[in-house]
Structure formats: structure tokens, C-alpha cells
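Engineer: Protein chains in written order, with our numbering: chain A, 161 to 447; chain B, 3 to 280; chain C, 5 to 261; chain D, 5 to 261; chain E, 198 to 505.
Honestly, the hints are just simulated from the structure, not real lab data. Relax, there's no trap hidden among the hints.
The calculated DSBU-like cross-link candidates involving lysine-lysine, where the alpha carbons are at most 30 Å apart (straight line), are:
| id | chain 1 | residue 1 | chain 2 | residue 2 |
| --- | --- | --- | --- | --- |
| 1 | B | Lys-88 | E | Lys-304 |
| 2 | E | Lys-327 | E | Lys-290 |
| 3 | E | Lys-280 | E | Lys-421 |
| 4 | E | Lys-280 | E | Lys-268 |
| 5 | B | Lys-192 | A | Lys-441 |
| 6 | A | Lys-441 | D | Lys-119 |
| 7 | E | Lys-268 | E | Lys-399 |
| 8 | B | Lys-192 | C | Lys-119 |
| 9 | C | Lys-119 | C | Lys-136 |
| 10 | E | Lys-372 | A | Lys-226 |
| 11 | C | Lys-114 | B | Lys-192 |
| 12 | E | Lys-290 | E | Lys-350 |
| 13 | E | Lys-489 | E | Lys-472 |
| 14 | E | Lys-280 | E | Lys-399 |
| 15 | D | Lys-28 | C | Lys-136 |
| 16 | E | Lys-418 | E | Lys-380 |
| 17 | E | Lys-290 | E | Lys-457 |
| 18 | A | Lys-226 | E | Lys-350 |
| 19 | D | Lys-36 | D | Lys-189 |
| 20 | B | Lys-88 | E | Lys-302 |
| 21 | E | Lys-290 | E | Lys-374 |
| 22 | E | Lys-350 | E | Lys-380 |
| 23 | E | Lys-472 | E | Lys-457 |
| 24 | E | Lys-280 | E | Lys-489 |
| 25 | A | Lys-236 | E | Lys-222 |
| 26 | A | Lys-441 | D | Lys-136 |
| 27 | D | Lys-136 | C | Lys-28 |
| 28 | E | Lys-304 | E | Lys-350 |
| 29 | C | Lys-136 | B | Lys-169 |
| 30 | E | Lys-327 | B | Lys-88 |
| 31 | D | Lys-136 | B | Lys-169 |
| 32 | C | Lys-189 | C | Lys-36 |
| 33 | C | Lys-210 | C | Lys-36 |
| 34 | E | Lys-298 | E | Lys-281 |
| 35 | B | Lys-169 | A | Lys-441 |
| 36 | A | Lys-441 | D | Lys-114 |
| 37 | A | Lys-441 | C | Lys-28 |
| 38 | B | Lys-192 | C | Lys-136 |
| 39 | E | Lys-418 | E | Lys-457 |
| 40 | E | Lys-350 | B | Lys-88 |
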Amino acid sequence: MKHALPVLTVLCAIILGWYVAAVALNAPWARDQAARAGTSLTMPALIRATMTQERPVLPAPHQVAKGVWDGVAGQKITSKRSLVWHAGVTLSATLAGFAIGSLAGILLAVGIVHSRVMDLSVMPWAIASQTVPILAIAPMVIVVFASAGVTGLVPKAMIAAWLSFFPVLVGMVKGLRTPDRMQMDLMHSWNASRAQAFWRLRLPSAMPYLFASLKVAVAAALVGTIVGELPAGATAGLGARLLSGSYYGQTIQIWAALFAAAALAAVLVMVISGIERVTLKRMGLAR
Amino acid sequence: MTAALPLIAVWLGAFGLNTWLARYRGPIPSALVPLIFGATILILWEMACRSFAIPAVILPAPSQIWTAFGANLPLLWGDFVQTILKGALSGWLIGAAAAVATAIAIDRSPFLQRGLLPIGNFVAALPIVGIAPILVMWFGFDWQSKAAVVVVMVFFPILVNMVAGLKATDALARDQIATWGASYTQALLKLRLPAAMPFLFNGLKITTTLALIGAIVAEFFGSPTRGMGFRISTAVGQLNMPLVWAEILVAALAGTAFYGIVALIERRVTFWHPSQRQ
Amino acid sequence: MSVIEAQGVSLTFQTADGPVHALKDVDLTIGKGEFVSFIGPSGCGKTTFLRTIAALETPTAGRIGVNGLSADEARRARAYGYVFQAPGLYPWRTISGNISLPLEIMGFSKTDRAKRIARVLDMVELSGFGGKFPWQLSGGMQQRASIARALAFDADILLMDEPFGALDEIVRDRLNAALLELWAKTGKTIGFVTHSIPEAVYLSTKIVVMSPRPGRITRIIESTLPRERPLEIRDTPEFIRIAQEVREGLREGHSYD
Amino acid sequence: MSVIEAQGVSLTFQTADGPVHALKDVDLTIGKGEFVSFIGPSGCGKTTFLRTIAALETPTAGRIGVNGLSADEARRARAYGYVFQAPGLYPWRTISGNISLPLEIMGFSKTDRAKRIARVLDMVELSGFGGKFPWQLSGGMQQRASIARALAFDADILLMDEPFGALDEIVRDRLNAALLELWAKTGKTIGFVTHSIPEAVYLSTKIVVMSPRPGRITRIIESTLPRERPLEIRDTPEFIRIAQEVREGLREGHSYD
Amino acid sequence: ADDLTLQLKWVTQAQFGGYYVAKDKGFYEEEGLNVTIKPGGPDIAPVQVLAGGGADVTVEWMPAALAAREKGLPIVNIAQPFKKSGMMLTCLKESGVADPKTDFKGKTLGVWFSGNEYPFLSWMNHLGLKTDGSPDGVTVLKQGFNVDPLLQKQAACISTMTYNEYWQVIDAGIKPKELVTFKYDDQGVATLEDGLYVLEEKLNDPAMADKLTRFVRASMKGWKYAEEHPAEAAEIVLENDETGAQTIEHQTRMAGEIAKLTAGSTGALDEADFKRTVETLLSGGSDPVISKAPEGAWTHAISDKALN
Ligand SMILES: Nc1ncnc2c1ncn2[C@@H]1O[C@H](COP(=O)(O)OP(=O)(O)OP(=O)(O)O)[C@@H](O)[C@H]1O
Ligand SMILES: Nc1ncnc2c1ncn2[C@@H]1O[C@H](COP(=O)(O)OP(=O)(O)OP(=O)(O)O)[C@@H](O)[C@H]1O
Ligand SMILES: Cc1ncc(C[n+]2csc(CCO)c2C)c(N)n1
Ligand SMILES: [Mg+2]
Ligand SMILES: [Mg+2]
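Work out the full structure: start from the sequences and follow the hints.
Structural biologist: Take a look at the structure:
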């Protein structure tokens with residue numbers, strides 16, 4: 161309840177600003193239309209005209225809300241027109257990619273912290289890997305996988321993993337190196353093995369960093385999946401939905417898909433926040 | 003299978019060499035190890051392309067990429083300026099500044115924090131591939147729309163890290179500054195911002211590469227006839243894969259340099275952090 | 005004239021396995037220019053009480069007045085110089101930078117800052133270490149730096165939580181003398197936590213003995229020693245008598261365990 | 005039979021503003037079952053020397069042998085129990101969890117761990133606080149928890165860096181007695197840093213006085229007190245004589261400042 | 198039944214109605230084929246999928262196919278269901294474009310890239326206009342997925358297909374009389390669109406050749422059916438659209454327009470059309486699409502067997 165009022169306040173402010181922006185951005189088109197029809201619009205008529213366009217520059221909130229509602233509640237969940245169905249397709253690939261990516265990131269970070277060879281050699285190339293524009297190689301990834309007979313979820317998940325491993329890697333390297341000198345020295349004086357020092361000192365101290373990175377990574381995985389869905393032949397998923405909306409200039413459909421994707425990301429981030437809170441609390445780190 | 007044997011041999015050889023090299027401290031091994039690692043990957047790649055006769059339209063060999071790189075330098079430079087300098091860099095700077103400012107703004111007001119963070123999470127999680135066409139529609143075809151995409155993309159990671167960083171001061175340090183009757187601004191400037199720096203740089207480093215991706219990807223949704231994303235998509239259409247990979251090479255070089263510079267600044271700013279001291 | 009007045013102060017921490025009564029019904033009046041030592045077994049609430057005076061904790065019952073203001077108002081008026089039990093130096097600032105920090109916050113001029121830093125560094129015998137970072141100093145040196153930081157800005161009320169715990173006898177004697185001198189010269193009001201009975205007796209005008217579970221005051225001993233105190237005063241019968249009284253009080257507190 | 009042998013040990017830290025000579029040409033032999041105290045002005049290298057013995061620092065010159073092994077080999081054989089100058093408890097573990105940590109690492113069984121934790125908690129008078137997190141304890145309680153942690157696994161060599169600095173006289177006396185008892189019963193070799201001259205004299209068979217800039221040993225005083233030491237021994241002339249000798253050594257070290 | 202995979206050039210829509218009709222009506226099944234249809238997308242290069250082995254046959258435009266062939270990927274046209282080109286440039290009348298010869302100079306034009314830019318570049322070359330943004334040429338925009346640049350007035354003209362984007366402009370509320378269109382066909386720079394291509398080596402395998410023959414026969418049957426029943430074709434397409442984004446109105450109209458383009462094709466490539474395409478491409482100015490007339494880029498071997 162502590163949250164309801166602030167959230168609502170901010171929400172109202174945003175929606176208000178959005179309406180103003182919608183009027184401002186959609187007005188030129190409305191005026192143009194009127195001019196082409198040889199008439200001119202009064203102010204109320206203009207505002208009304210900006211709220212109901214079929215292809216607005218910026219759809220008004222209620223139009224998007226209706227788009228989302230139609231997509232979610234207006235269809236059977238199994239229907240190809242249902243946003244829930246598309247979100248489900250995207251979610252499965254996102255989760256698979258996120259799992260693969262964050263696991264890879266954690267493992268690489270562990271390697272980097274413990275092995276000088278890996279520290280020296282992996283990091284620069286991990287960075288370089290992230291600068292490869294995925295949308296450019298996504299079709300190639302899809303093609304390569306397809307030629308190996310792998311289609312569907314896996315190629316998309318690989319792209320998602322590709323994007324999500326990096327934040328985890330950077331955050332974990334930092335986190336695993338956080339223990340200060342005295343804490344490491346204690347472990348040292350007990351002759352703790354590297355594994356013991358890892359599980360009992362490095363990992364717990366890295367937790368806050370890990371969770372911050374995971375939140376970024378899950379959003380990145382979602383982006384990766386959606387990118388993977390664009391060239392995958394635009395069959396199913398929120399990415400395909402975005403693309404076809406974009407292709408047919410259906411602004412409202414784009415925004416509806418966009419909000420579905422953002423809601424999905426928000427839910428994922430919230431789930432991780434929840435796990436974070438519980439974990440840190442049980443670790444005694446949250447006061 | 004037999005074709006793979008030489009590849010495995012090269013891999014093992016290079017790995018052994020690196021393990022041996024890594025035992026020595028100093029600047030020369032630190033530079034050599036990653037270079038050998040990279041060279042190994044390139045050699046393996048070249049060997050794989052040749053021994054498995056992978057068609058160039060699927061994956062060109064490094065030698066072909068290098069030739070294309072050398073033959074198209076002016077073109078690549080123009081694309082670099084358009085996409086990286088104009089699009090990615092300006093967007094990253096604006097996005098980072100906005101994220102830090104927002105983090106500070108919502109940090110000050112618990113009301114805004116409770117209200118804005120969940121919604122901020124939501125808004126910032128809008129996938130760029132969905133936003134890009136919209137931003138291209140709003141900001142036009144040139145680099146401004148690419149910068150806008152980058153702003154949206156880097157904002158969330160930096161904000162998350164910065165908010166976490168501002169909370170990261172320990173209780174003793176906070177108590178101390180309280181006994182001096184420091185104002186909010188003073189506590190922020192003297193204690194919480196410095197303490198947040200390791201977190202902030204974490205976000206800044208992650209987003210260097212995101213910025214490049216954002217700027218390049220945004221060009222797929224409309225662009226003038228230059229830029230790295232434009233070149234890649236047209237070259238793919240022409241099956242000019244060596245040029246595609248030459249662009250990717252430019253992106254990788256630029257991205258690594260970008261990251262390296264940020265990491266260097268981090269080293270100077272957060273020299274006191276245990277992770278920088280070992 | 006009373007500077008600090010605590011009336012019926014209680015403070016209970018809620019922890020996972022039940023409440024901890026760190027302070028219970030504490031009444032205390034500290035007059036202007038007094039030097040009050042707090043002594044008691046570890047965990048009896050000394051730190052908590054000092055923190056409550058400085059408005060770093062809010063009592064669950066009772067109130068604390070400082071010069072007619074509330075503790076929090078006094079804090080915002082920069083009435084306190086606080087030395088914490090752990091040094092807590094900021095790792096990104098050198099020793100000089102750390103001492104300079106409260107001065108910057110309080111708006112001292114640059115030349116004034118430099119002068120003050122030099123003066124307090126000298127006082128805690130750390131001249132020459134101003135340019136070092138905290139992790140480059142030994143534990144005792146860090147503690148001295150933190151004392152220097154609290155002294156630099158001349159607050160009216162000094163609250164010191166075991167400031168000399170990590171120092172050897174000889175430095176400790178010298179710093180004790182320096183503190184007394186400063187106190188005599190400036191008339192500051194000082195609250196001082198210590199574990200050393202001789203130190204408490206040597207420095208204080210009033211010794212507060214505390215006892216744990218729940219944390220409370222069991223004895224308040226007014227010192228009858230003169231204000232002027234050479235080191236040799238520690239061998240006088242009067243000194244030994246007071247020390248004995250404090251020791252008894254302490255022992256009482258321990259008998260509860 | 006000598007357990008620890010330091011020969012010509014020097015250690016220089018390179019800092020931004022020039023080298024710091026923390027140790028210079030230190031020679032010392034510690035026999036089996038000895039109780040050696042280190043005393044000296046703050047910053048004279050006591051902590052550094054203890055760290056070097058435990059192979060937490062590598063000397064820039066000279067060598068340290070432990071039971072015929074190098075210091076690092078001894079460390080790997082888990083020869084050391086180390087109490088650091090600051091408590092250094094892990095914030096995500098309770099007090100019991102912190103004490104349990106080295107035991108887990110060394111592979112003690114669960115029931116054995118529980119027994120040992122209960123025993124050492126009792127010894128440092130913290131029974132009942134096992135379930136609390138470090139930040140819920142007072143400074144002195146944290147320090148005691150850290151002592152308990154080092155005692156729990158019965159290392160042959162105990163290295164303790166100002167373990168009792170944050171404790172009041174009465175607890176300190178009790179812990180001193182407990183430590184002596186443990187030492188008598190187990191025959192451990194103990195290296196002990198302290199700032200208190202009486203404490204050093206009361207506990208040790210050998211007192212090492214150090215002096216700073218560069219850090220070095222200026223005196224080694226062999227105690228002539230018997231091994232059996234009731235608290236009253238502190239009033240004997242023999243005790244006072246040794247204390248006086250230590251004080252002189254200390255004063256010498258300070259005169260360099 | 199024999200398995201066969203077809204890679205489309207673009208997303209599921211009536212542009213590929215013939216194939217969906219053949220599948221849905223069981224024409225492929227009658228020929229003993231089990232055909233998988235893979236939709237394309239903006240960044241799928243169909244020939245790349247072909248080279249990677251992800252598909253047996255692909256729908257592609259001839260300029261891109263010939264460019265690939267010159268890059269060393271030996272692909273061959275085996276059938277050409279589309280007779281005419283559907284490409285055109287659509288301009289807002291208010292931007293003052295009336296005659297291509299005089300009015301393009303200094304204007305901003307939206308162009309598709311990814312291998313679809315060749316006809317445009319040839320045309321500009323014919324007109325003697327530079328496309329590098331110099332003052333006496335035109336400014337080229339890489340046009341995204343949609344018609345926004347025209348609606349937002351970011352460009353004077355954009356590329357459209359007669360069957361698709363043009364109608365999106367109309368749907369957006371602009372009247373046909375406010376538009377000027379230039380068909381590539383009318384400008385004499387038309388290139389062949391939507392042919393069927395396979396890798397050359399596949400043709401050497403008699404079993405594969407036989408499969409392809411049956412495929413082309415059934416596909417053409419599908420196309421002719423779609424030509425006669427555009428409404429039904431549109432419905433079939435809609436059923437096969439997994440994105441659920443298409444509307445029946447749009448697809449019905451598209452099917453009608455597509456019928457105009459496929460009319461007149463038996464499925465066999467007309468050599469004259471091929472020559473015209475090659476000439477257009479060879480004259481691509483300073484940077485022509487192909488540098489020499491291709492050899493063996495098409496064959497009648499399959500279509501002859503399939504259609505006679
Ligand atoms: N990591 C380091 N880098 C640079 N100088 C250091 C470092 N650690 C210690 N020193 C320096 O070495 C000297 C000895 O330090 P050490 O911690 O051993 O002193 P100490 O005798 O334990 O003092 P104290 O009683 O205050 O704990 C000091 O001058 C200190 O500044
Ligand atoms: N944040 C906290 N949460 C829960 N309990 C606390 C907290 N801080 C202190 N306590 C408890 O309050 C009691 C008093 O603690 P305090 O730190 O005031 O003791 P102290 O007298 O300063 O002891 P020492 O001499 O060891 O520093 C202790 O029992 C301690 O466990
Ligand atoms: C980014 C992008 N690239 C190319 C085309 C061109 N294209 C490929 S298939 C086809 C048929 C239209 O329905 C067209 C026009 C496009 N539209 N968008
Ligand atoms: Mg305390
Ligand atoms: Mg020390």
C-alpha cells in the first residue's frame with residue numbers, strides 16, 4: 161500500500177504527459193488531412209481527431225490499452241492473435257537464453273577470477289564479442305543452426321544468451337573480487353582451498369553485484385530473443401508481432417506488443433528482485 | 003573427424019603456451035596472452051574455413067575479411083564516424099548523464115523512488131527493436147534517432163547500478179557524515195557519490211557495448227546511405243560477407259577500445275576499491 | 005548549566021530472535037565543560053548511549069535535550085565531534101583528505117583547513133602521514149587519524165568511543181595529556197567511553213558506570229580530583245580511592261552474568 | 005626446540021610517496037610452547053611481523069622457518085590460528101556461522117563443530133549470542149567472537165593481534181586467565197600483540213619490544229616469572245621490575261619520533 | 198512422400214499465395230510431396246539460407262540472385278511464376294514530382310536495400326542522377342519496413358509494391374489523386390521478381406530434379422488457382438499466418454493485385470525478360486550490380502518437364 165499512491169501519482173503524470181504528446185505529435189497529420197479535405201479544424205475537433213487515428217505517430221494511452229486488452233482478453237489464449245500466446249513463445253526462449261547466458265557468465269567470471277590465463281585472455285574477447293551487432297549476425301546464426309537442422313527455440317535462445325552473459329560476467333568478476341584483504345587473509349590463514357574460499361567468501365560477497373547484473377541480463381535476454389524473432393521468419397513471438405505491426409504500419413499493434421514485452425521484462429525483473437530480497441535477507445545482508 | 007585433429011592440436015598448443023606465459027608477471031605477458039588467445043581463434047577459424055570448405059557466403063575466412071578491411075578503409079571510416087562517433091557516443095553520454103541524474107533525483111525522494119522505479123523499470127525495459135522504428139519516425143533518419151535509441155538502451159542498466167551504488171555506503175560512514183551535520187548535497191557529493199563509483203562504472207562498462215549494438219541495430223530501421231548497420235544490411239543483400247565481417251571487425255575494435263577507455267578511467271577513479279588494489 | 009540532559013531514555017532493538025534492551029530508563033545530566041567517562045562491560049550500551057546523544061539512534065522512550073534543543077537539532081547545528089569505535093576512514097581520500105572532509109562540509113576556507121589539518125596531525129603524532137591512504141596505515145594510526153578528524157573542527161561537544169583502545173601506554177599517556185590540555189583551554193564538554201579504569205579516573209570530572217541486560221546506569225561517581233592534573237596524580241590516595249570505587253561498580257555489573 | 009625462526013627478515017612496502025620500511029633485519033627465535041608478546045608504538049611493524057610469520061606477507065629479504073618448513077608450507081598445513089586486529093566477521097553469517105566457517109573448511113563433522121562452537125562461545129562469554137549477526141553486536145563482542153573463531157580449531161600456533169584491545173579490565177582479566185589456562189593445558193606456541201605492558205608481562209615467557217622507522221626489534225626480555233601465574237603475581241616486585249624494563253624499552257622506541 | 202523445403206523472400210502474405218494454395222489444396226500431396234514453407238523476413242537473405250542448406254528452393258528476385266551467382270554461389274532459376282514487376286516509386290503530389298526526368302533532382306527518395314536496391318540504382322543511372330547525396334543528384338534514404346517516411350514527409354517518394362505498400366499509403370488516408378506513381382515496368386527498368394531458385398548441383402541429381410519438377414508443376418497449379426480465386430487464396434494465406442497480424446481486407450486486395458502480375462506466366466522463364474533484366478543490371482552505373490552477362494543462370498529443364 162505504501163507503494164500504491166506514489167506509483168499511481170507518477171502513472172497519472174506520465175499518462176497526462178503522454179496525452180499532451182499524442183495531441184502534439186498527431187496534430188500535423190490531422191491538420192494535413194483537413195487541409196487536403198479543404199476544411200480547417202477547431203481546437204476541440206483537432207484534439208478529438210488526434211485521439212482516434214488509425215495510424216497515429218503516437219497512439220493515445222487508451223488506444224494502446226485497448227490494443228493490449230484486445231490482444232490479451234479478446235482472444236483465446238491459443239489463438240495466433242493472442243498477445244498471451246506470443247508472449248509465451250517469447251518467454252520460453254528468453255528463459256532458456258537467460259539460463260544459458262547467466263550460467264556461462266558466472267562460469268567465465270569464476271574462471272577469470274581464479275585463472276590468470278583466463279583473466280588475461282578471455283576478458284578482451286568477451287568485450288569484443290559483445291560489439292558484434294547481433295541483429296547483423298542473427299540471420300546468420302539462424303541460418304547456421306537451420307543448416308544443422310536446429311530451428312525454433314534454440315537459435316533464439318542462443319542469441320538471448322549471447323546478450324545476457326556479458327552483464328553477468330562483468331558484474332560477477334567485480335563481485336567476486338570484492339572481498340577485502342582481511343577477509344581473504346583469514347581464508348588464507350586457514351589454508352582454505354580455492355573452492356572453499358569461493359563458496360564461503362567470494363560468492364556471498366558477490367551476491368549484491370550478481371543480482372544487479374541478473375536484472376540487467378534478463379532484460380537483455382528478452383531483447384535478444386525479440387531480435388532473434390525478427391529474422392527467424394517472423395512466425396511467432398512478440399518480436400514477430402512487433403515486426404509485422406511495423407511492416408504494416410499498425411502503430412497501435414506495435415505499441416501493444418511493446419507494452420506486452422515491457423510488462424514481461426518488468427515481471428522478470430520483479431521476480432529477480434523478489435529472489436534478491438529473500439536471499440539477501442536470509443544472508444543477513446539486508447538490514 | 004580427422005579434419006578436426008589439426009584444429010585440436012593447434013588449440014592445445016596455444017593453450018599450453020599461454021598457461022606457461024601467464025606464470026610470468028609484467029606488461030609483456032599480460033599483452034601477449036590475450037593476443038595469442040585471439041590469434042589462436044583466428045587461426046582455428048581460418049583452418050576450419052579451409053578444411054571444411056565453408057562457403058564464403060556463410061562464413062568468410064579471416065584472410066578474406068582482412069583483405070576486405072584493407073580495401074575499404076575510407077568507406078569503413080565514414081561508417082565509423084556516422085555510427086560510433088555520432089550515434090553511439092553522443093547517445094551514451096546523454097543516456098549516462100540522464101541515468102545518473104535520475105538515480106540521484108529518485109534517491110532524494112522516497113516518494114519518487116517508490117513511484118518511479120517500478121514504472122521506470124517497466125518503461126526502460128521496452129525492447130529496442132520495438133522502439134527503434136518509433137524513434138526513427140520521431141527523430142528522423144540521421145544519427146539523432148540512433149543516439150535516441152542508444153539513450154533508451156543504456157539508461158536502465160546505468161540507473162539500476164547507480165541506485166544500488168547510492169545505497170552501498172556502509173552504516174559507519176553514513177553515521178559519521180551525519181554527526182558533521184552535512185547537508186543532503188554534501189553527503190551526496192562527499193560520501194555517496196564516491197562510494198557509488200564502483201557500481202556506476204560497472205553499469206558504464208556494460209553499456210559501452212550496448213551503445214554500439216543499439217546504434218548499429220537502429221540503422222536497420224531506416225538510415226541515410228552510410229553507417230555500419232546500413233552497410234551490413236546492404237552487404238548481406240549483396241552476399242558480400244567479407245565486407246559484413248570487416249564492419250563487424252570495426253565494431254569489435256571500436257567497442258574494445260571504448261570499453262578499455264572506460265575501464266582505464268574506472269581504474270583512476272576507484273583506485274581505492276579492493277577489486278582494483280590486488 | 006546543563007548541556008546534555010537524558011530523561012528516562014530507553015532503546016530496544018528488535019532482532020530476529022527477540023528484542024534486545026540496549027538501554028533502559030537512563031537518566032543523566034551533563035553540565036557545560038564536564039568531562040564524563042562511560043565505563044562498563046562490553047555490550048552494556050555505552051556505544052548505543054553515545055549514539056543516542058548524537059541523534060544517530062532514536063530512543064524508543066524518553067528524550068534527550070542538548071542546550072535546549074533536541075539531539076537531532078543539535079546534530080544539524082554541528083554541535084558534535086564524534087570519534088567512532090572503528091576508524092571508518094573513507095578509502096578514497098588520503099589521511100589529510102579525510103580530516104579535511106568535515107572541514108569542507110562546514111565551509112572552512114582552504115588555508116584554514118590546511119592549518120587545522122597540520123595542527124591535529126601533529127597532535128596525534130601523524131605528521132608526515134597526511135598523504136597516505138587509510139589502508140596503508142597500521143590499525144593504531146588509523147584510529148589516531150580518526151581522532152584527528154573529530155578534533156579538527158572544534159565542536160562544542162566531543163563524543164569519543166574508545167578512542168585510545170588501539171594505542172600503547174606511552175602514546176596513550178601523551179594523548180591523554182593533550183586531550184586534557186585541549187579541554188582545559190577550550191572548555192568543551194566531553195563524553196568518553198573507555199575500558200581503562202585509570203584512564204577514566206585520570207580524565208573525568210564524572211564517571212558513569214553502566215551494566216548490561218538491560219543496559220542501564222548503575223553508578224555515577226563525581227570526581228573530587230582538581231581540574232589541573234599532572235600524570236603523577238595517578239599515584240595519590242585520592243586517585244586510588246576513586247579507581248577502587250569504579251572497579252567495585254564494574255564488578256557489580258559483571259556479577260549479573 | 006625452536007618452532008619459529010626469523011632470520012634477517014625485512015619488508016618494504018612500495019607506496020606512491022616512496023618506500024615504507026615496515027620491517028628491517030628482524031631476527032627472532034621462538035621455542036615450542038613459548039608465549040611471546042610483541043609491544044611497541046603504533047606503526048612499528050607488529051602486525052606486519054605477525055602477518056609475515058603467517059605467510060600473509062612475503063618478506064623482501066630474509067627467511068622465516070616454522071617447524072623446519074617455510075612459513076607458507078606451515079600455513080598450508082593449517083598450523084596457524086590468527087586473530088586479526090579488527091574483528092573481520094563475515095556479515096552474512098551469524099556468530100555461530102562465523103566460528104563454524106574454519107571448522108567447515110577443515111572438515112570437522114557437524115556434531116564436533118557444534119560442540120566446539122559451544123565451548124569457545126562459552127570461553128569468550130558469548131553463549132546465547134550465537135544466533136546474532138555481527139552488526140547486532142557491540143564492538144567488544146565482535147572482537148571476542150573473532151577470538152572464539154581462532155580458538156575453535158586448535159591450531160598449534162596462535163597469532164593474536166591486539167585481541168583484548170576493546171575489552172574492559174574485568175573481562176580482560178578473565179580472558180587473560182582463560183588464555184593462560186588454555187596455553188598451560190595444550191602447550192600451544194603463542195604470538196601476541198598488545199599495547200598493555202602489564203598484560204604483556206603477565207602473559208609472556210618472552211617480551212619483544214619493537215621500534216618504528218624502520219620497524220625493528222630493540223629489546224628481547226625473557227621473563228623470569230614462573231609458568232603458574234595467579235592474578236596476584238602482578239603485585240610482586242619481580243613483575244614490577246620486568247614491567248619497568250619493558251616501559252624503558254618502549255620509551256626508547258618513542259624517543260626517535 | 199518426399200520432403201521439400203521452400204524459403205520465402207518475405208513474411209507470409211498473398212504475394213506467396215500460390216504456394217500456400219498448392220499446399221492447402223493438396224496439390225503438393227497429389228505429386229507425392231511434403232512441402233515445408235518457411236516465411237522470410239527483412240534480414241533473411243534467402244540465397245544464404247539456400248547455401249547453408251536450410252532450404253531446397255527459394256523465392257528470390259533476379260537481381261539478388263544474379264549478384265549471388267557472381268559472388269560464387271551457383272544458383273539457378275528453375276521457374277518464373279511472376280511475369281511482371283510490381284515495384285514502383287510513389288510520390289506525394291505536393292512534393293512537386295511530376296516527371297522523373299526533371300523533377301527528382303535534389304529530392305529525398307526512400308529505397309529498400311538488402312539486395313532490393315539494384316533496380317532503383319539502374320533507373321537513376323538511366324536518368325543520369327547521382328545517388329551519393331551530391332547536390333545535382335538525389336538523396337537516398339534506406340527505407341525501413343513501412344511507409345512512414347512518406348506519411349511523415351521525410352521523403353518525397355518511397356518505394357512501394359503495387360500489391361502492398363501502395364495500399365498502405367491509401368489506407369493511411371491519402372487519396373490516390375494526391376499521389377504520383379512511377380512503375381519500373383513503365384520506365385523500362387523492370388527486373389524479374391519472385392522466381393524459384395535452387396543450387397546448381399541439385400539439378401545433377403535425377404531424383405532431386407524429379408522432385409523439383411513435381412514441385413514446380415504443383416506450385417503453378419496453385420498459382421493459377423490463386424489467380425482465379427483471389428478471395429479464397431487470401432483466406433488460405435491468413436490461416437497460415439502465424440503472427441496473426443494480417444487482415445482479410447488487405448490480403449484479398451493483395452491477392453487481386455498479385456494475380457495481375459502472375460497472369461501471362463506459364464511458369465517457364467521468358468528469355469526476353471531475362472535479357473532485359475540483365476541489361477538493366479549491367480548498366481548500373483559506376484558500381485553495376487553484375488559486371489558481366491551471367492552464364493547458365495537459368496534453365497528450362499525443370500519447367501519444360503513440369504509444364505508440358
Ligand atoms: N599495505 C600497506 N601499504 C603501505 N604501507 C603499509 C601497508 N601496511 C602497513 N604499512 C606501513 O607499515 C608500517 C607498519 O605497519 P603495521 O601495521 O605493521 O604496524 P603495527 O605495529 O601493527 O601498528 P598498530 O599498533 O598501530 O597496529 C606502518 O608505517 C604502515 O604505514
Ligand atoms: N543494530 C543492532 N541491532 C541489534 N542489537 C544491537 C544493535 N546494536 C547494538 N545491539 C545490542 O545492544 C547492546 C549494546 O550494544 P553497544 O554497542 O551499545 O555496547 P557497548 O557498551 O558499546 O559495548 P563494547 O564495549 O563492546 O563496544 C548489545 O547487546 C548489542 O548486541
Ligand atoms: C527492410 C525491407 N527490405 C526490403 C523490402 C523489399 N521487399 C522484400 S519482399 C517484398 C515484397 C513486398 O511485399 C519487398 C517489397 C522491404 N519491404 N523492406
Ligand atoms: Mg561500543
Ligand atoms: Mg597492528
